[in-house]
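> The primary structure of each chain is shown beneath.
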Amino acid sequence: MILVWGPQTDAPIERVLEALEMRGADVFHIDESDLESLRYDIVFGADCRGWIESRGRQVAIENFRGIYIRPGKPLSGAARKASMVLLAMVSQAQAVLINHPAAGSSNSSKPYQLGLIAQAGFAVPKTLVTTDPVAARAFLHEHGRIIYKSVSGIRSIVASLEMKDEARLEDVRSGPVQLQEYVEGLDVRVHVVGARWFACSVRSSSTDYRHADTMPELCEFDLPENVGERVRALVQSMNLLVAGVDLRVKADESWVCFEVNPSPGFTWYEESTSHQIGEAIVDLLLTNT
Amino acid sequence: MIVVVGSSHDSVATDLVALWPQAALCSAEDLVSSGWVWRQGHAASRTWIVDKKKISDDQVTGVFVRRASVYAEELMTTHPDDRAYLASEIHAFLVFVLAGTSARVVNPINEGAFGEAALRPHRWTQLASQLGIPLRPLRVTSESRRAIRYRTFSVEVVGDEVFGDAPARLRESARCLAQALEIGWGVFVFDSRKRLVTVTTARRPSDAAAVALGRLLEARRT
Numbered sequence: 027m028i029l030v031w032g033p034q035t036d037a038p039i040e041r042v043l044e045a046l047e048m049r050g051a052d053v054f055h056i057d058e059s060d061l062e063s064l065r066y067d068i069v070f071g072a073d074c075r076g077w078i079e080s081r082g083r084q085v086a087i088e089n090f091r092g093i094y095i096r097p098g099k100p101l102s103g104a105a106r107k108a109s110m111v112l113l114a115m116v117s118q119a120q121a122v123l124i125n126h127p128a129a130g131s132s133n134s135s136k137p138y139q140l141g142l143i144a145q146a147g148f149a150v151p152k153t154l155v156t157t158d159p160v161a162a163r164a165f166l167h168e169h170g171r172i173i174y175k176s177v178s179g180i181r182s183i184v185a186s187l188e189m190k191d192e193a194r195l196e197d198v199r200s201g202p203v204q205l206q207e208y209v210e211g212l213d214v215r216v217h218v219v220g221a222r223w224f225a226c227s228v229r230s231s232s233t234d235y236r237h238a239d240t241m242p243e244l245c246e247f248d249l250p251e252n253v254g255e256r257v258r259a260l261v262q263s264m265n266l267l268v269a270g271v272d273l274r275v276k277a278d279e280s281w282v283c284f285e286v287n288p289s290p291g292f293t294w295y296e297e298s299t300s301h302q303i304g305e306a307i308v309d310l311l312l313t314n315t
Numbered sequence: 012m013i014v015v016v017g018s019s020h021d022s023v024a025t026d027l028v029a030l031w032p033q034a035a036l037c038s039a040e041d042l043v044s045s046g047w048v049w050r051q052g053h054a055a056s057r058t059w060i061v062d063k064k065k066i067s068d069d070q071v072t073g074v075f076v077r078r079a080s081v082y083a084e085e086l087m088t089t090h091p092d093d094r095a096y097l098a099s100e101i102h103a104f105l106v107f108v109l110a111g112t113s114a115r116v117v118n119p120i121n122e123g124a125f126g127e128a129a130l131r132p133h134r135w136t137q138l139a140s141q142l143g144i145p146l147r148p149l150r151v152t153s154e155s156r157r158a159i160r161y162r163t164f165s166v167e168v169v170g171d172e173v174f175g176d177a178p179a180r181l182r183e184s185a186r187c188l189a190q191a192l193e194i195g196w197g198v199f200v201f202d203s204r205k206r207l208v209t210v211t212t213a214r215r216p217s218d219a220a221a222v223a224l225g226r227l228l229e230a231r232r233t
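Protein sequences, first through last, are from chains A and B.
Heads up: the first sequence runs through residues 27 to 315, numbered per the working numbering.
Heads up: the second sequence runs through residues 12 to 233, numbered per the working numbering.
Any given hint might turn out to be false.
List of simulated lysine-lysine pairs, DSSO-like, C-alpha gap at most 30 angstroms [unchecked claim]:
id : chain 1 : residue 1 : chain 2 : residue 2
1  : A       : Lys276    : A       : Lys152
2  : A       : Lys175    : B       : Lys64
3  : A       : Lys99     : A       : Lys190
4  : A       : Lys152    : A       : Lys175
5  : A       : Lys190    : A       : Lys276
6  : A       : Lys152    : B       : Lys205
7  : A       : Lys190    : A       : Lys175
8  : A       : Lys152    : B       : Lys64
9  : B       : Lys63     : A       : Lys175
10 : A       : Lys152    : A       : Lys190
11 : A       : Lys99     : A       : Lys175
12 : B       : Lys65     : A       : Lys175
13 : A       : Lys152    : B       : Lys65
Covered by chain A, per the in silico footprint, the following chain B stretches (three or more residues, Cβ under 8 angstroms) [said to hold, decoys possible]:
id : segment
14 : 38 to 45
15 : 100 to 112
16 : 123 to 135
17 : 220 to 228
Simulated from the structure, these hints should not be mistaken for lab results.
Quick caveat, the model's predicted, so the values are computed rather than measured.
Glycine included, every Cβ here is placed at the ideal spot set by N, Cα and C.
Chain A with its partners taken away, still in its complex shape:
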């Protein structure tokens, strides 16, 4: 049996549920609205045993062979408690887990994750996190053009700053701001699913293609084998089975890695390519291949 936990309205959850249905898989779906009434009796030790019950259906934990999770927004009350119990349960369940909650947490601090990416051997953009306007201005002078984005995993619009914007850097006084050198090149998003990868180039007139005024141009990209292997090794080093990796290839064909997203919204990329990422996730859940 496959456990899928996440809102029905979430596109990747919907895609995985559809693909599982097409394969005739036995699926136990927990929507966020089910959490408040979720029943459970679980004994945690070296492993975990017991059952969970939702919408009148009770399932023994040891029956789960694959688990796909994309929990929604933070909750309160009984739903929050049930969510914490589920997180603990999936963390110890003997199943293919996409992805382990702890493995995904590196993305909640982007500069920390950048350190892990650098340790894995990828070039990363020069990065400063500061509340000091003097240091921020020096960083801008050093690079001429920089970008700023959130330090945490909270989605922010990545924007660029140039010398004419120098005065705005006074604002860093009120809280830590992440500044990075601007790296010229072509954006490439690589989705890794187990041993497979799917690469897609993204052309956009905006610094942050996810928030561009016009739809970016997404194309399948022929990722060099050695780069694909390195990306796959990076994802594995973070104990992730599935990830969306943001890279940029420079004019000299060198690669820079910006981020590893442990819970990628892959459907957006699937819609513009022939990539079958959802199917690959289902392969992993059903057969661990």
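Given the structure of chain A, go ahead and fit chain B onto it with the hints provided.
Just chain B now, with coordinates in the frame of chain A:
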């Protein structure tokens, strides 16, 4: 110097600052103060703000982490609408700082978390099992159930030192597990059948452990 990362409203944090010579508190107020400089891969430029003063990272010998999160409610000088976002940003920044400092951190970042949150049960239960330490099963249920009271023994570990009057076997189990977890301090709780109940860093260190912690944090990491 020793930096205690915690809240000015936490008496454990302020008592440790008072106990340890040349220790200072890095509070939520410090974390939103101007002057922090933390560059990825550049140890030389790293600057803390501790007790409202700029401190170079190479002046810090040890960091004691007395919080697991930064809370929006702590940021009283920030506009209420911005507090939740800023708390997330500071939390993420603190992860970066604690992972990158050249000082000894007790306890170090693990899987992107600090403080009590870094001691995830799936990790210590797995390591305890590998070390042959029996675990007390924990039953979690949505059904109504009477709470069972039982006797416990606590063992505190600071570096290689073990504190508490538990049997020798439990003291050795705790020391081995602390080493496997790569933590400098922790409290290991066992039941009367010598089964591990929990591992925590949320408690106040005992007097003897606090002194040992001070020694550990004063010594520069080799």
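> For which of the previously enumerated hints does the structure constitute a violation, in increasing order of number?
Going through the list in order, the structure violates hints 3, 6 and 17 and respects the others.
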